Every structure is written in C-alpha cells, then in structure tokens.
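Visitor: Once you've looked at the hints, dock chain G against the given chain X.
Protein sequences appear in the order of chains X and G.
Numbering that gives the first Met the number 0 puts the first sequence at residues 0 to 516.
Numbering that gives the first Met the number 0 puts the second sequence at residues 0 to 516.
Calculated from the structure, these hints are not laboratory results.
Be aware that a few hints might be false.
Identical copies look the same in the list; a pair holds intra-copy or inter-copy alike.
Said to hold, decoys possible - 25 Å max Cα-Cα, derived BS3-like pairs, lysine-lysine:
| id | residue 1 | residue 2 |
| --- | --- | --- |
| 1 | 83 | 313 |
| 2 | 13 | 194 |
| 3 | 516 | 160 |
| 4 | 141 | 468 |
| 5 | 215 | 306 |
| 6 | 215 | 141 |
| 7 | 321 | 387 |
Note that the structure is a prediction, hence the values are computed from the model and not measured.
What follows is the residue order along each chain.
There are 2 protein chains.
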Amino acid sequence: MTGLDPVLKRLHLKLPFPALGDNRSHEKRLRDELTSIVSTRPFIPLDVLQRLPECLYAANYNVQVALIKAECGWQVASCIPRDKNASFLGLAIDLGSTSVVFYLINFLTGEIITTASYENPQRAHGEDILERIIFATQGGLKTLQEEVIQLINKAIDDFSKEYSFSKEDLYYISIAGNTTMCHFLMALDPSHICKEPYIPTTNRFDLISANELGIKINPNGLIYVLPNVGSYFGGDLIAGILASRMAEREEISMLVDVGTNAEVVLGNKDWLVACAGAAGPALEGGILSCGMRAQEGAIERVKIDPKTLSVEYKVIGNARPKGICGSGIIDLLSAMFEAGLVDQTGKLIPNRDPKRMKKMNDEWAYVLADEDETSTGKPIYISQSDIKNLIRSKGAMYTILNVVIQSVGIDFSDIDSFYVAGAFGNYIDPQKAITIGMLPDIPIERFVGLGNSAGKGAIRALLEKDSRKKMEEICDKITYLEMNVRGDFMNQLTGALFLPHTDLSRFPTVSKRLGLK
Amino acid sequence: MTGLDPVLKRLHLKLPFPALGDNRSHEKRLRDELTSIVSTRPFIPLDVLQRLPECLYAANYNVQVALIKAECGWQVASCIPRDKNASFLGLAIDLGSTSVVFYLINFLTGEIITTASYENPQRAHGEDILERIIFATQGGLKTLQEEVIQLINKAIDDFSKEYSFSKEDLYYISIAGNTTMCHFLMALDPSHICKEPYIPTTNRFDLISANELGIKINPNGLIYVLPNVGSYFGGDLIAGILASRMAEREEISMLVDVGTNAEVVLGNKDWLVACAGAAGPALEGGILSCGMRAQEGAIERVKIDPKTLSVEYKVIGNARPKGICGSGIIDLLSAMFEAGLVDQTGKLIPNRDPKRMKKMNDEWAYVLADEDETSTGKPIYISQSDIKNLIRSKGAMYTILNVVIQSVGIDFSDIDSFYVAGAFGNYIDPQKAITIGMLPDIPIERFVGLGNSAGKGAIRALLEKDSRKKMEEICDKITYLEMNVRGDFMNQLTGALFLPHTDLSRFPTVSKRLGLK
Chain X
0 MTGLDPVLKR LHLKLPFPAL GDNRSHEKRL RDELTSIVST RPFIPLDVLQ RLPECLYAAN
60 YNVQVALIKA ECGWQVASCI PRDKNASFLG LAIDLGSTSV VFYLINFLTG EIITTASYEN
120 PQRAHGEDIL ERIIFATQGG LKTLQEEVIQ LINKAIDDFS KEYSFSKEDL YYISIAGNTT
180 MCHFLMALDP SHICKEPYIP TTNRFDLISA NELGIKINPN GLIYVLPNVG SYFGGDLIAG
240 ILASRMAERE EISMLVDVGT NAEVVLGNKD WLVACAGAAG PALEGGILSC GMRAQEGAIE
300 RVKIDPKTLS VEYKVIGNAR PKGICGSGII DLLSAMFEAG LVDQTGKLIP NRDPKRMKKM
360 NDEWAYVLAD EDETSTGKPI YISQSDIKNL IRSKGAMYTI LNVVIQSVGI DFSDIDSFYV
420 AGAFGNYIDP QKAITIGMLP DIPIERFVGL GNSAGKGAIR ALLEKDSRKK MEEICDKITY
480 LEMNVRGDFM NQLTGALFLP HTDLSRFPTV SKRLGLK
Chain G
0 MTGLDPVLKR LHLKLPFPAL GDNRSHEKRL RDELTSIVST RPFIPLDVLQ RLPECLYAAN
60 YNVQVALIKA ECGWQVASCI PRDKNASFLG LAIDLGSTSV VFYLINFLTG EIITTASYEN
120 PQRAHGEDIL ERIIFATQGG LKTLQEEVIQ LINKAIDDFS KEYSFSKEDL YYISIAGNTT
180 MCHFLMALDP SHICKEPYIP TTNRFDLISA NELGIKINPN GLIYVLPNVG SYFGGDLIAG
240 ILASRMAERE EISMLVDVGT NAEVVLGNKD WLVACAGAAG PALEGGILSC GMRAQEGAIE
300 RVKIDPKTLS VEYKVIGNAR PKGICGSGII DLLSAMFEAG LVDQTGKLIP NRDPKRMKKM
360 NDEWAYVLAD EDETSTGKPI YISQSDIKNL IRSKGAMYTI LNVVIQSVGI DFSDIDSFYV
420 AGAFGNYIDP QKAITIGMLP DIPIERFVGL GNSAGKGAIR ALLEKDSRKK MEEICDKITY
480 LEMNVRGDFM NQLTGALFLP HTDLSRFPTV SKRLGLK
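Chain X on its own, in the form it takes in the complex (with noise of 0.2 Å):
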C-alpha cells in the first residue's frame, strides 16, 4: 500500500550478545539499536524494561519490537521474540452520539480487518446531546464516561474473540467525535459547550495512555482523540477534512455535515473557513409527524410520477414502512414539487391528488403509505406542518452554505467538489437536495458522498502517522464564522423559505427543468 506510514512500526532487530567487553544494559542495548534506525532516542516503558532480560535472553537476542509514534517521537510498547506469532492492531473509532463505529485495523498492512457498529450506550440519558451535557452537569459526566469505556471495551473484547487475537496486540486507538462527545469520553466538564460564548473545555487532546482511561489494550498502548476547532465542530469535522483531502488539494472544496446541526467547511490546502448552525431536526425527520431514524422499516427512497402521480418507495430492510427517515423526505418533498402536489411557498395543493391528500389534525396532508400498507396500521403522511418545518430546515442549511460562500467572496460555482457527510448524509441524492434549494444548483458530478468520513478519518490518523500534525495544522488554518451573531443569516434565511428559492437564477438548471419563473 502506497504512502502506508502509520503510527506503528515493527522491527526486527538481531542484538549483539553481551560480552565482557559489551556490557550494556539490556536497555541500552536495545536503544542504542532502535536510535540507530530511527534517529531519535526511543522511550521505554517501564512495563517493557521489567519484562526485557526474560524476553532477550529465550528469544536469543533476535526480537521484533513494535514502536509506537508517542507525544514526543517513538516509544516502544513491546519487544517480543521474532519468531512469536503475533499480530499488530489499531482500533479507529467514530464517537457518535447515536452509533459508535469500531474499525479493526492492521498496521502491517493497512487493512481495515473488520468494522462494528455499537448502539451508543448514552442514549438512556438523552437523545439528544444537551440532555446528556445537562444530565453531566448534575453529577453523571463519570457514568457518561464509564458507559463509552465500558463499550469500546466490550468492543475489544468482541473483536478479539472473533479474531483471536491478544488484547496485548491492540496498540493505538484513534478516537473521532463531536466536541461533547469527546468531552464525556475524558470526563471534561461540557458544561460551557452549550453556553455562550460557547467554550470547550478543550481543543486539543494531548495523547493518553489506554491504562490510564481504563481501556484494555497493551498495557503501554496510547489513546489519540482527534482535535476539535470549538462546541460546534469536532473531531469528527476535523476527521471529514482529513478523510477528504480536501485540506491538501488546491482546488476549492466544501464539505457539509447534514444533521440537525450543519456544519460547513470551504477552503483548500491553503484556507479554510467553517462554520455550523442549526438547521432544524426536520431534515432527518426527527420531529415530522411520520420521521424516523433510518432503520428497518424506514422509507429511504421515494418516486413520484410526476404525470399519474403513482407512488413508488424503497423500505429500509424490504419491511412494511413504519415512517420515513431523511433521505426519504428530501425525495418526497423533490418529488411532489416536481408533481405539482405542492407549491412554490410550500403550500399543499389538495386538489391536484384528492385520493391522497386528506385533513388530519385540522390541516393538510399528503398520504405517503396508507393504513392497510404500513407496519403500525397508521397511515405515513407529511403535513402542511411538517412541510413548513422541513422547508425551514433546508432553507436554513442553504442560508448557511450561503453565508460561507459569501464570507470568501466565491460563487457555488467556483466549488471542485462539494462532499456531503454526516450519519444520512451519504443516502442524500443530491439531485432531488438541489430540487427542493437545500444544496446549491452545481453539476451533479461535483458531488461527493463521503461515507463515515469520521470513521475514515480515524482511520488516517492510524495509518499516517504525520496525519495528526496535519491536523492540528487544519485547526490553526480554519477560520470559524460564528453563525449565531452574523446579521445577515435571518435576512438570508428568508429569501431560501421558498422552493427551490426566492431567488430563481441560483437554481437555473431546476427551474428550467420544472419550467418556473
């Protein structure tokens, strides 16, 4: 594998035997050997030292030795005989608050052995994350903590069954996730996070050892949590950069994180601006009548005939629906607006499909999934109520890639490759977000999913090791605009509460397509 420089490294090493004229420590035996090849003077452990004569003496002085890249160069974190089968792994984890993704990694050969996703544990203490920030501030930032530890354990330990490895063979563990998250995992007071002016308790994660946060891997083994750049754009952000490249490129890129909250970067190897602000939970359904998260059940994908109006959607797991997750909601606003079945301003147009738009709650609703088709014996609709929610929300992550954009004084245009992140992010089509005025009307092929770019980016930090450098150096770079108190924002906002826009010449292509004007 190309450019394969991770923060592990196995050597053999074949030790001059001890003699009367040679009568170095096994220690200094050891250093002088490994500072030799890697031309600063290693640390070691004490665990390692205690265990050394033992391991020297049955291995005959022939030994492979795994060196790990610690906060000041390289440390040795075991030295066992070279004909010892053993194997050499790291663990890239994306700390979300919903869902913990493990990776298995080996650093011999750069593979990704295996990959797990773990409810997150939290959760009984609030979906949402300022639930679990207040529920930290009186007294359960440790049960917070413990519940994270608890499970990346019970992750090694399911891993190291199924693959039969040692604990002692796990060395490094990359850790991505938002600001609060990463707070509970080290017990850090979140408390400011979420009060102006908004502080973390810290940016920068200095590299912890695993014994010391209770994690069960080699007992020398080191703990990296990747940096945040504040409350509102974390390691997980920062992982998304990495996981692009977009930071090492020369063409302009700009990468958004679609959740309740967006978070936006643009910029290039050269400049960085980010900024997030609430869009609102309606774009992953999460407070529509009918939302849900995307499980089995979930209506992931939605058609509409624009012409017979027959309806067509894809279930998450072939099952009957039970409700309809992001993705589903962007195709089905796309697809009755190109239908006709809503307007411009977002307004329901009953008459033009009265078999399915009905009166439920005194106001109307297009029925998506009837009673006698769905798992619950409810019908799946979306409101007038739920449209307006959903147009806020999309208008609001438009105003605010808007507002970036503008920051540099670029047009959408001038972006080489827009990459959409984020837990539904990459089930977005991008065509049907550009229909509805949620992502800007550029060429389709500019767009890129990124997939779990916070797990990818975990994964870069173990696998090159010069990639937490080019991280901190991401930090220093970015400049952050503070959405909260830029006065243009609500002005903004307001032109984007419409479909796809106010403004028509920003979605030429759309309003071409659909004939509007």
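Guide: Chain G alone, transformed into the frame defined by chain X:
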C-alpha cells in the same frame, strides 16, 4: 540563588476572558499563553484538564501554574487560583542499601527545607546486597520494591505532617542509588548484575509517573532515577560526579567512594575513566573482630601518643564504646604504625606495649579499650588477623586507584582535587589514610570530603533542570575499566600489602616523617 533553574517552574498568568470573538477552549487559552512563555507547546495531563474549567472560573482567570520538565519539554502539573496558598516542593532521595536519606526541597527558593534518614527495610532480606539479589530472584523482587515504595510514602507522609503541606504540593522526586537498589525500586530483574558479564537490565531510566510507581505525591508528579554506567557503577556515583562538578572543570580530579567496593572516577570535563573493584569489608570494619557500623557507641577517632603510648579515642554519641567503625579503624592502624606497635609488614610488635598486647584466640591482639571501659563488658581490640585483612583492603583500594591513574598515563601528583565520598568516606582523616598507604601521598589540602554525594547529586538533579542532560553526557563519556579482568592488578596488589607500600618513593612525606627506609 544564582543559577537556580529547577525542574519546576511556577508561573503567574492572567488569562484573557472568553468572549464570542475569542472562544478558544480553556485548554487552548492556557496552552497558548504558556507556549508563548516557554517557547514549546507544553503537555497538559488529563487530570489538569478535568479540573481546569472550575479553577479558571474560581480564579477569575488569574492563576498560578506549575510546569515540570517532562520527557519532552514542559508539562503542566497543576493550575490553581493565584491567591491560593500553595507550596512547590521536590524530594531528593539517596537510596542507600543501609539507609535511605530524604531531602525536602523548596523549588521556589532552592532551599533544603529538611532532611531525614530512615533505615532501609530491605535489610531484613540481607545486609549484603548480594543476599537481596538472591531473594529477588527467588520471587522476592516485588516485595523489595514494595518495601522501598512504602518507605518513600512514609517519609513523604512524615514530612507533610511535620511541615503542613499537601502531597499535591510535591511534584518531582529524584533518586540516586546504586544500580541494584534502583533495580529493586523499579522491580527490574537484577539477576544478571552479579553474573559475568555483569549486565544490568537498564542503564538509563526514563521519567516515570509517580502514580505508576505507587508513590503518593501530585497525581502528575514525576520520578527521575539517576542513570548508571554498569552493574558496579551506579547512579550514586554519577550523583557524586555531579556533586563534585569534576566533569565540568579543566583540572583533573579523582573521586573515590570508599566502601566494600571501591568505586573510582578520574578525569575532567573532557574525559572520564572509571573503575570499581572489591576492596573488602575490612575497611568499613565489617569483618573485624570488634568492627561495627558508625552508630552510637562506635569509636570513630583514635590517637596514640607515639612516646607514652597513651590512648585517646572518641565515641559516637559520647557513649561508652562497644566497637570501632571505619574511620576509627583507619585512625587506629595509622596511629599504631606511627607508634611502632605494628611494623611495615603489618606484624604486631607485642613487646612495644605489653600492657595492651594480649593473646586472643591464639594470636596477638592490641587492646584499645578493656572490658571495664566498654558498654558490652568485653574488650575492644584489633587482632593480627584483623590487621592482615585491613592491609589487604587498603592495599586493594590503593591498587585500584593506581591502576586507574596508570591507565591514562598520569601521576597522582597531577590530581588537582581528590574527592572522598561514601557512607564513611567523609569521616576518614586523609592524613591517616595516607600513612597506612590507602590513599596516595599528595598534599593534604587537595582532599575534599564530599559528604553525602548521592544526596547532593540528587538535589542538583532537582535544582538544575539541565543536570539530567549533564549526567547522560557523563555516562556517555565514561570509559569503564573492568578491574576483574586486568592482569596487572594482582602484581600491583602485592606491593601494596605493606605499610604504607613496598615502594617507599610513592609515599615520600610518610617515609620522611616516620624515618622509613
């Protein structure tokens, strides 16, 4: 105090308040300020981060920060409100096999606040260090470690009660001990120290957290153990070199640690030659009929009037005598030689003082104090065999010194300063040691007692942060002569088994004073 540049730096900082335009995290706010002062980015341990927000709010951003010199640059060890009354303390330890001496240091002033000596509890497993190594290899290593850690914790406890400080105020500990004692402290395999080719497990100790070792000081506190050059040339000697500053001067110095093993260093700022060899326990009184350690009741000074042959002696604690310690024995043999009670071959002359010469166990002995004078009701004497042992030991000592001198092709007269260190080295009267041919016949004013050189070196390691580098350089510079494998040692020794020596030209002032031929 000039040149005070200790391993702990206390800084007063007034941090800027957070604001919407400056929403750096607490960590970054602190780190940016520190980086601008100490010019490298300091490490901030998790423990400090966890307490940081509360401290900053309580202190109104007006704080005092303790930085300690860690493995790679400065590390924040504490951040507390500026108006909080706190001490900033260090502890230097002379880790001897018999006694462990503690020095409590004020980092802000460089002052030694207090000192205390405790018996080494490991003596229960053998007075002799070899017995303890055997005990260690038979499963006792952890016990030996725990005993010394407990002793350190007890001393800290005692100090903190007597001087009313919090253990959090103690930040750094430096420890000087011989190679074996340091291996016990760290639970490192000592079994190869006493077997050819005499390999210690480690020569250089990296800094270790006090927590990891179970030493109860500030949770971010560090432990520094002075390096050794080999199994028989330990950190106590390196401390002595540091304390004497011989490796920082142009002039040539010799340093000898007098004990069962004679450890010798010769050199200046450009070169250092070292050697260790067995002088035998007789010099310390260890195996003599009436020998004892330098405790209450030990005769430490002896005078015999060469004409009247009347005896004067001084007893430690002004008590009735119960034995004779190292410095007393050297005084005694010297005085007996000067008074003609023993001849140049070491043979007692019974008829020179028939009153004090008695047959004991079939051999002649010289009675220093008869049974009426002693606290034991038994006489204190030196027998013919004792003298033979003593001459063998002093001869070995002189021979070691001479081999080292010859190895670099200089004479004793080239030595500018001759440092005498070790448990009883400080109490030796150099004139008496010259008279018996144990130390070379150079002008008396060139002899300098070093006192507790291990303790002094350990203190210097605390108060001069660059001394660690200095010691590593000293270790790298030392050429170690393996005495056991030098063929001419035995030949030379034969000549030294006389009082003062067969070659009287080596002891011109003694020969002249005593009219020897």
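Visitor: All the hints need checking, so say for each whether the structure fits it.
Guide: Evaluation of the provided hints:
Taking CA atoms no more than 25 Å apart as the test, residue 83 paired with residue 313 passes in neither setting, with 51 Å inside one copy and 65 Å between copies. Only between protomers do residue 13 and residue 194 lie at most 25 Å apart by alpha-carbon distance; the minimum there is 23 Å, versus 58 Å within a single protomer. In the homo-oligomer, the alpha carbons of residue 516 and residue 160 never lie at most 25 Å apart, since the shortest distance is 63 Å inside one protomer and 85 Å across protomers. Proximity of residue 141 and residue 468 under a CA criterion of 25 Å is satisfied in neither setting, with 30 Å inside one chain copy and 41 Å between copies.
In this assembly of identical chains, residue 215 and residue 306 lie within 25 Å of each other by CA distance neither inside one copy nor across copies; the values are 60 Å within and 79 Å between. When the C-alpha separation of residue 215 and residue 141 is checked against a cutoff of 25 Å, the pair qualifies both within a copy, at 18 Å, and between copies, at 23 Å. In this assembly of identical chains, the alpha carbons of residue 321 and residue 387 lie at most 25 Å apart only when taken from the same copy (22 Å versus 102 Å across copies).
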